[in-house]
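Enquirer: One letter stands for each residue in the lines below.
Protein chains: 2
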Amino acid sequence: MENMTDKLLKKIDETRCPCVVGLDPRIEQIPSFLKEHKKHDPNQKRAVAEIFLEFNQLIIDQIKDVVPAVKPQIAFYEQYGHYGLKAFEDTVKYAQENGLIVIGDAKRNDIGSTAQGYAKAFLGKVKGANDQEIKGIDVDYLTVTPYLGSDGVKPFIDVCKQYHKGIFCLVKTSNPSSGELQDKNIEKENKTIYELVAEYVAQSGSDLIGVKGYSSIGAVVGATYPEQAKKLRKLMPKTMFLVPGYGAQGGGAADVVPCFNEDGYGAIVNSSRGIIFAYKQDKYKNTFKENHFHFAARQAAVEMQKDIYEALKNAGKLPKGW
Amino acid sequence: MENMTDKLLKKIDETRCPCVVGLDPRIEQIPSFLKEHKKHDPNQKRAVAEIFLEFNQLIIDQIKDVVPAVKPQIAFYEQYGHYGLKAFEDTVKYAQENGLIVIGDAKRNDIGSTAQGYAKAFLGKVKGANDQEIKGIDVDYLTVTPYLGSDGVKPFIDVCKQYHKGIFCLVKTSNPSSGELQDKNIEKENKTIYELVAEYVAQSGSDLIGVKGYSSIGAVVGATYPEQAKKLRKLMPKTMFLVPGYGAQGGGAADVVPCFNEDGYGAIVNSSRGIIFAYKQDKYKNTFKENHFHFAARQAAVEMQKDIYEALKNAGKLPKGW
Chain Y
0 MENMTDKLLK
10 KIDETRCPCV
20 VGLDPRIEQI
30 PSFLKEHKKH
40 DPNQKRAVAE
50 IFLEFNQLII
60 DQIKDVVPAV
70 KPQIAFYEQY
80 GHYGLKAFED
90 TVKYAQENGL
100 IVIGDAKRND
110 IGSTAQGYAK
120 AFLGKVKGAN
130 DQEIKGIDVD
140 YLTVTPYLGS
150 DGVKPFIDVC
160 KQYHKGIFCL
170 VKTSNPSSGE
180 LQDKNIEKEN
190 KTIYELVAEY
200 VAQSGSDLIG
210 VKGYSSIGAV
220 VGATYPEQAK
230 KLRKLMPKTM
240 FLVPGYGAQG
250 GGAADVVPCF
260 NEDGYGAIVN
270 SSRGIIFAYK
280 QDKYKNTFKE
290 NHFHFAARQA
300 AVEMQKDIYE
310 ALKNAGKLPK
320 GW
Chain E
0 MENMTDKLLK
10 KIDETRCPCV
20 VGLDPRIEQI
30 PSFLKEHKKH
40 DPNQKRAVAE
50 IFLEFNQLII
60 DQIKDVVPAV
70 KPQIAFYEQY
80 GHYGLKAFED
90 TVKYAQENGL
100 IVIGDAKRND
110 IGSTAQGYAK
120 AFLGKVKGAN
130 DQEIKGIDVD
140 YLTVTPYLGS
150 DGVKPFIDVC
160 KQYHKGIFCL
170 VKTSNPSSGE
180 LQDKNIEKEN
190 KTIYELVAEY
200 VAQSGSDLIG
210 VKGYSSIGAV
220 VGATYPEQAK
230 KLRKLMPKTM
240 FLVPGYGAQG
250 GGAADVVPCF
260 NEDGYGAIVN
270 SSRGIIFAYK
280 QDKYKNTFKE
290 NHFHFAARQA
300 AVEMQKDIYE
310 ALKNAGKLPK
320 GW
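Heads up: the protein sequence lines correspond to chains Y and E, in order.
Using numbering that gives the first Met the number 0, you'd call the opening residue of the first sequence number 0 and step up by one each time.
Using numbering that gives the first Met the number 0, you'd call the opening residue of the second sequence number 0 and step up by one each time.
Please note: incorrect hints may appear among the correct ones.
Since the list can't tell identical chains apart, any single copy or any two copies may satisfy a pair.
Said to hold, decoys possible - Only pairs whose alpha carbons sit at most 25 angstroms apart, straight line, appear in this in silico BS3-like list of lysine-lysine:
no.	residue 1	residue 2
1	230	187
2	233	37
3	34	187
4	92	44
5	229	305
6	126	37
7	9	237
8	237	134
Quick caveat, the hints were computed from the structure, so don't treat them as lab data.
Computed from a predicted structure; not experimentally measured.
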């Protein structure tokens, strides 16, 4: 049956771009012309939330035909409380209306009925006071953290099954200290913690494989550890990787290649600051004025597409027909 | 210097109750009389959020002199989107105005600037469009998940320092599968993953010790694994434990005793469903009518206090002066 990852792969084929733009707005870095008229708003939380939405919409308008997906990181929205969450919800909706797949980056985690609560909140339906069901925040994919063990992840998988959604479970993260726990070798098992999680992700996603051969249960695998990505690619052949760490965090196009299968699929590479705040980079700031920040974002997305495309080509991993 | 845990311990002394009530509202279990008039509201997300707030306020009014703290679990609120988050924020505020310490149970986790984003969102201040600082959701403590390694936890600790707040970092959780990752023995290190996290928590909290001898950097240690709690108590002598798993999850008063130090402090035991939905239990439903659910909650809280008090007394761990 067609799953969420089939939809994502279709968009990737259309754009020839296995990339996702992280929508992580930071008020300090947003162009002044979007902020100026809100400086005297007595409700600054609402003001910032409205600015975030406008900023995101302008970006989405420019990148919607370049990339297949966006990944709003909810932390930046939660800073502005329920006003911020409204901007997050409205961003999700706007991106979906514009044909983009939305990965909600929330790294939720809990146990049993609470994990189920999060899963319904982001991917499923919840009950109203009248006992009828209402859609939750309704992202297409959600990121999930596995520290609590399988009964902290299974409720998310169950909701994916029911509502044809997807998750990306943290396996190996891109940050410098990710190895402190994830890389620990398990005594007598000849594997690390991240390999153990990888096995669980591959196994639990095995009955949710789509028509194109990939599961809707994906994995987060950082671009900053290409050697480990290589191992993980083998451990999880049918798992889609969400790959952070490209660009601002130091990973290059060559580093992300091991995250792809030989068929040229299997990974989607994220860039956040490198795209949405491209207008601040030396590379773009002479070409694009501040009030053309969204055109700079488009240009940066186009260049990222080219960068990844070339790296795949050089590695002999370009998908058929590209 | 006085820290957040000093405030919590003062409240614990006042109430002689090292317990926290989990405010985890579920629409299906909320008494009908609170729902009836909202059944025809065209905006059911807002309707449920308003019901949650009213439900919580009635509970808080009844338990505020019985327990020192409440722990709203944000998953249940996020189910109703930004309306739900508003109910969460209003619950936090109402509890604080009524003298309760608030532990935001959100199990947030991410890296670098994103982790800092979450930390500011819940514990610190954020920037407005006018560059001025505004308080975030402003809970007193936040739960944090350590899977990403120390650079996923440190931003929370830094914000705790700056704003005199606290966190509880997941160390050993109460769920059946918690051992799948947390209990794995690390090769050649003669310790488990949860012990490694415990050492990090103890070490990183060591410069945030309050006047009563406890750090504002706490740990989540489940009541369902008393043998492991015993080990953890020794590994983290100055760490406050937040103890889930009592009551509905199967942990008894005797099981939580190992979480306490010999001085009778060092732990705060959570019960959620067991208190807030006490009116549905056989034990209470003949005494309390549905529209007296909040009196049932009070009664259940009083009995929990007694249960833990007696267990501490029997173990010779009652704090001086109680």
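Enquirer: Confirm or reject each hint.
Expert: Hints versus structure:
no., hint, in the structure
1, 230 to 187, "both (19 angstroms within a copy, 23 angstroms between copies)"
2, 233 to 37, "neither (51 angstroms within a copy, 53 angstroms between copies)"
3, 34 to 187, "neither (57 angstroms within a copy, 55 angstroms between copies)"
4, 92 to 44, "both (21 angstroms within a copy, 16 angstroms between copies)"
5, 229 to 305, "within (22 angstroms within a copy, 56 angstroms between copies)"
6, 126 to 37, "between (36 angstroms within a copy, 13 angstroms between copies)"
7, 9 to 237, "within (16 angstroms within a copy, 54 angstroms between copies)"
8, 237 to 134, "neither (29 angstroms within a copy, 44 angstroms between copies)"
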